[in-house]
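Asks: The listed protein sequences correspond, in order, to chains A and B. Numbering-wise (our numbering), the first sequence opens with residue 1 and increments by one. Numbering-wise (our numbering), the second sequence opens with residue 1 and increments by one.
If you're looking for bench data, these hints aren't it; they were derived computationally from the structure. It cannot be assumed that every hint is accurate.
Some chain B residues well away from chain A (every beta-carbon gap over 12 Å; in silico) [stated by the list, open to error]:
#: 1; residue: Q8
#: 2; residue: Y20
#: 3; residue: W48
#: 4; residue: E70
#: 5; residue: V125
#: 6; residue: Q169
#: 7; residue: Q265
#: 8; residue: T397
#: 9; residue: V410
Taking lysine-lysine and the DSS-like style, the derived pairs with C-alpha atoms no more than 27 Å apart in a straight line are [stated by the list, open to error]:
#: 10; chain 1: B; residue 1: K354; chain 2: A; residue 2: K411
#: 11; chain 1: B; residue 1: K338; chain 2: B; residue 2: K354
#: 12; chain 1: B; residue 1: K55; chain 2: A; residue 2: K411
Stretch by stretch, here's where chain B covers chain A in the computed footprint (C-beta under 8 Å, at least three residues) [to be verified]:
#: 13; segment: 35 to 45
#: 14; segment: 61 to 75
#: 15; segment: 176 to 188
#: 16; segment: 506 to 519
#: 17; segment: 540 to 553
For each residue, glycine too, the CB sits at the ideal point set by N, CA and C.
The primary structure of each chain is shown beneath.
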Amino acid sequence: MSSTDHHLNLFPPLIQVGHAEQFIQSGKTILSTQSPLNQSYAVFPSARKGTPSIKVSGAEEQPIFFASSETSPSSERRLFIGDTSIIFAALQNLTNTAQSRGQEWLHSQETHNVIRKLTLDYVNFARECWIHTSQTSVQSQGSSQFSGDHYRSLYTCLALFAVLYVPEYGYEDAPVGDDLMEWLNVHFIEPSTEEGDHLSGLDHPWEDETFWPYLVRVTLRGLSKAATFFLATLSSHPSDNLRRLAQQLSPLLQSQPRLQSFEAERDFAYASHRWKDKVKALRIELDSVSESDRHDGIENWWDRLSDIVGILEGRSEVIRRVCEDLGADWREISVSWGVFADARLRRQDLPEVVSQVLDDMPQDPTNLEDMVHAALFSGDPTKALSHAAQLDPWLAAHMADLMQALSLIEKDPNEDSGLNIRDFYVLGYAQYLHADPALWRITVAYMFSCGETGVRSADEVLMHVPLKLRSVGSTTHGQGEQNGAGNLKSGDLAGVVKDINATCYEYQREEVRRTICRIAAQTFVQEKEYGLALSYSSSAEDWPGLGRVVDRVLQEYITAGPEQFTRYVAGIAPSLQALRMQSGAQGIFIHRLMFAVRYAEFHQRLCNQDLQDAAWDLVSMFQDGLAPKSWWAVLLCDSQPLLQHDGTLLFTYASACILLQHLEEVIARTDQGSCDEYLRILMSKLGSGGTTDALHALQGVRLALAKYFARCTMIGTGGKQILERKFIAAV
Amino acid sequence: MIQTGLIQSAHNDLLTDVAYDFYGLRLATCSLDQRIKVWQVDESNGNWNVEDDWKAHDATVSKISWAHPEFGTILASASFDRTVKIWEQTSFASTADSQTNGAGAGSPQAASGGSSRWVERAVLVDARGTVRAVEFAPHHFGLKLATVSSDNNVRIYECLEQSSLATWQLSEEVDVSTLPSISLSSSYSVAFATPTQTSATLEGASATLVAQALQQSQNPTNQGRPGMGNREADGGWCISWCKDRYWGEILAAGCGITGAIKIIQLSPSRRPTTLLTLDPSPSPAGLPAEGGTSLASDGDTPTAFAITSVAWAPSCGRSYHLIATGGRDGHVRIWRVKPAEEEPDVEGEGSDPKWSASVVADFDHHKSAVGRVEWNITGTVLSSAGNDGRVRLWKATIGNVWRPAGSIGVEQSEDAQDADVSMDENAAAE
Chain A
1 MSSTDHHLNL FPPLIQVGHA EQFIQSGKTI LSTQSPLNQS YAVFPSARKG TPSIKVSGAE
61 EQPIFFASSE TSPSSERRLF IGDTSIIFAA LQNLTNTAQS RGQEWLHSQE THNVIRKLTL
121 DYVNFARECW IHTSQTSVQS QGSSQFSGDH YRSLYTCLAL FAVLYVPEYG YEDAPVGDDL
181 MEWLNVHFIE PSTEEGDHLS GLDHPWEDET FWPYLVRVTL RGLSKAATFF LATLSSHPSD
241 NLRRLAQQLS PLLQSQPRLQ SFEAERDFAY ASHRWKDKVK ALRIELDSVS ESDRHDGIEN
301 WWDRLSDIVG ILEGRSEVIR RVCEDLGADW REISVSWGVF ADARLRRQDL PEVVSQVLDD
361 MPQDPTNLED MVHAALFSGD PTKALSHAAQ LDPWLAAHMA DLMQALSLIE KDPNEDSGLN
421 IRDFYVLGYA QYLHADPALW RITVAYMFSC GETGVRSADE VLMHVPLKLR SVGSTTHGQG
481 EQNGAGNLKS GDLAGVVKDI NATCYEYQRE EVRRTICRIA AQTFVQEKEY GLALSYSSSA
541 EDWPGLGRVV DRVLQEYITA GPEQFTRYVA GIAPSLQALR MQSGAQGIFI HRLMFAVRYA
601 EFHQRLCNQD LQDAAWDLVS MFQDGLAPKS WWAVLLCDSQ PLLQHDGTLL FTYASACILL
661 QHLEEVIART DQGSCDEYLR ILMSKLGSGG TTDALHALQG VRLALAKYFA RCTMIGTGGK
721 QILERKFIAA V
Chain B
1 MIQTGLIQSA HNDLLTDVAY DFYGLRLATC SLDQRIKVWQ VDESNGNWNV EDDWKAHDAT
61 VSKISWAHPE FGTILASASF DRTVKIWEQT SFASTADSQT NGAGAGSPQA ASGGSSRWVE
121 RAVLVDARGT VRAVEFAPHH FGLKLATVSS DNNVRIYECL EQSSLATWQL SEEVDVSTLP
181 SISLSSSYSV AFATPTQTSA TLEGASATLV AQALQQSQNP TNQGRPGMGN READGGWCIS
241 WCKDRYWGEI LAAGCGITGA IKIIQLSPSR RPTTLLTLDP SPSPAGLPAE GGTSLASDGD
301 TPTAFAITSV AWAPSCGRSY HLIATGGRDG HVRIWRVKPA EEEPDVEGEG SDPKWSASVV
361 ADFDHHKSAV GRVEWNITGT VLSSAGNDGR VRLWKATIGN VWRPAGSIGV EQSEDAQDAD
421 VSMDENAAAE
């Protein structure tokens, strides 16, 4: 785990050893910027502010370094993070339910059992991961980010936490010694199996120097089977006394009362008492052995046996001395205390015992696992969390989460930061997760559980998740592009955006969702996927944005011509129908969309040589007030070829009058200085020419109109006929 | 802390700024060489490749800022040529038309395959001094940007037409050094919360070799440019927007050698006003004066040290704001700024609500001028960079005390022959 106070030197170095002054004197400094994607930094040498005139020789390289505060998780770590996040979510569910059902429910047996089950789930996952990484790291050295040993320490810490703080319901007040001894035996195996194997292979094992230490240790650990096995080997020992005592000791070891075997603690206490009496009897017998028979020529067996009986008697000075001799640590002393010295030791009494032990035999401050254990033993959950956070932010976050559910830590927020203990560590873990952008779903899930600050932080992370709307197109130019385009065109929300949308719905982050939709719309505009852009704009209820999309489509007419334009409009036309149904949609922007669609229809008809209908379309766009003023001039120019059409008269007299009215207005207003408002679009369509060209074009329209009126007059009723025909068609 | 990548040679001259885009997948870099480059990361291997490269200004490009992506792919660049330019990335299809070759002319395309091109959309020429910083406003305020230049003016521009990006209205122009406070009653309160670090001056015995070298180097630099005067060189001009929507458009700005930061409120209905001045100098009797700056701004009194960088943290639901400053005095400071209380003060005589601030952290670890301070996106990690050649990270503990949280340097590791070799291999492999 990267420690919090860590220094990294970048490569290649810019400052040679001992040459800091040269770097400074060259007028350079270092600047950096933080990436919004993950916990990484871009670092680069720069000119010192206010020294703009420094010129360095062009030959020098100007590097940018990238550094990250966290290593992004390897696959096995990711698996661990993902799997345990499911347990986290389950606990989250539980506490959320508790909020609606009251605190009492949270302390009920039902809830407690669930919390205990989830705690044991964490313990099991840590164990699995330990086993897995220990196996794989043997095969591929160094590929695992965290060694098996790291997960082993998570496993021991969580298991200890479970023993001390999450006992079975109703057992909070029960003696804890046996449970602790089990924990110790599972996690810190002593004596080793090899030693036992070695000794059992000997004819006279007591002649081996490891024999007595081994026997003392198995007694201390309550491993009665191993103890009785080796006591039995003493049956061939030359000393009668030892043979006899060993024979008496064996049943005592086997019959030490265990809490689990009793229904009521009272019975257990009574049994313990009676058993202690038997031990006392053995002590009397032991003391009666004469000094001369206490040594077998190899070892003073009596001293050793006396130690064993001393342990069973629960003599603290014996336990302590034996542990020191055996090289055992504070844990072993504390735990054996709870088994032999005070079999009825309660969880709440443990800290006092442990603090005495630690006074003589302190924990190892360089070993974080040891520190976490000591804090847990000492009944200081908060301290345990602070060490756990250094060991692995994962451990601190999940333990803090459990601790809060169990009311072990302060729930009230820190006045300054506004965060309580749990939220602080959970957010710390979320920040660690943010180092890997691929884990954003898990990152925000943890953040969303942390009050207002957490929710807002999650908003930031969500908004910065790359949408990858165009990544397919720009990174791989080959077939990927087509695939991407295929996906986009299908109109489905593309992968990541869909996920983010769903997440926003789940946590009710409408503001964020809209922002993301606006960004998506903008991206699709750049990609000329106007249909998708429109649907994202409307999903964001961003009506001005929707208007801008339509503007961009209309812009396509100017830059790419009518054919492209009609093709793009075909993409957006379906959304028009949907939008009209939507009540919230704002009129003016829908209006513009309608114009774009109608204008495209007009060009489609022109293209199909359906001139009569095209002419009718053109006039009706004016009549319905659909055409924006800036487009009038363009529409008028479009009318010119229709006016000049040789065959039938395409416009009625009245229609031609409408065209003339609009033409007059455009020209008059342009004269009055509203040139930009009326001629802007036409000017950009015509290109470089400016106002003059535009006006010239409109003069052409005027001429065409004049000629048209002349034709109308000559034919007389021609216009009317058309009008009637239209009416019939309409009816 | 690990190194994850390297661009060996980014520009032909020293870089002046590097800015990540909204998603951290692209980088815009600018340099003394007057060019801007845009880089894209290849996510499969973490390598950065040049996407575009063009000559942007006629002098050093001092700062660069990305607009929020809901407005498109837009950059603003500030320069010593006294201009700010707005650039837009256009896709290849539309570059064919006539109006979009502004930047393209005379700027050879880099190895971009011609798939995109950055087009100059607007040039903002109001500054009467070198432009030192530019930053787009938070997106909820629309497409706006703030600039600060060595004429001590903060200028706010608003884009009038988003589709073309051509028209930018100068909506505010205020001289930071003379901007008055919000009301006559002092809106100023500095309370020093328990500083977490004892400050030591640069002259102190603890000054490192680096710091000594710095001081030696300062004099010749100044003498070498008699025409410029010290102001351009010794001043600091910086801005940072308040990211929160709730409080309206608010900006932190520092200019010249005042050593103070002003919190400026912008409002459509009235002239910008100073809500608060963040001044770390131990206030002598009577301070602050109105405006809080008359002391230092009108002379080249070198008593105050310029603030070179200010960063307003995303508030992320906290009830207060965090503003970090870095200055030539070598200090990184974190200010905790409390907005005015909502409910009207019962006993107050109708005075405006007051913002208040206190220093919650004051670090002098750099032992030399600090050039940049910056927050991460959740406002939980502060990074600072100094002339000591180090980037330092800062985080709050559970007791909300700010502490060092690692550092990055560019020195050769004394013990690291092996490490160098392995890094070398990595770099080669990449």
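Asks: If a hint holds in the structure, say so; if it does not, say that too.
Replies: A quick look at each hint next to the structure:
no., hint, verdict
1, Q8, "6 Å, violated"
2, Y20, "5 Å, violated"
3, W48, "8 Å, violated"
4, E70, "4 Å, violated"
5, V125, "19 Å, holds"
6, Q169, "16 Å, holds"
7, Q265, "22 Å, holds"
8, T397, "9 Å, violated"
9, V410, "4 Å, violated"
10, B:K354 x A:K411, "31 Å, violated"
11, B:K338 x B:K354, "9 Å, holds"
12, B:K55 x A:K411, "57 Å, violated"
13, 35 to 45, "holds (count 11)"
14, 61 to 75, "holds (count 10)"
15, 176 to 188, "violated (count 0)"
16, 506 to 519, "holds (count 3)"
17, 540 to 553, "holds (count 4)"
Checked against the numbered hints above, the structure breaks hints 1, 2, 3, 4, 8, 9, 10, 12 and 15 and satisfies the rest.
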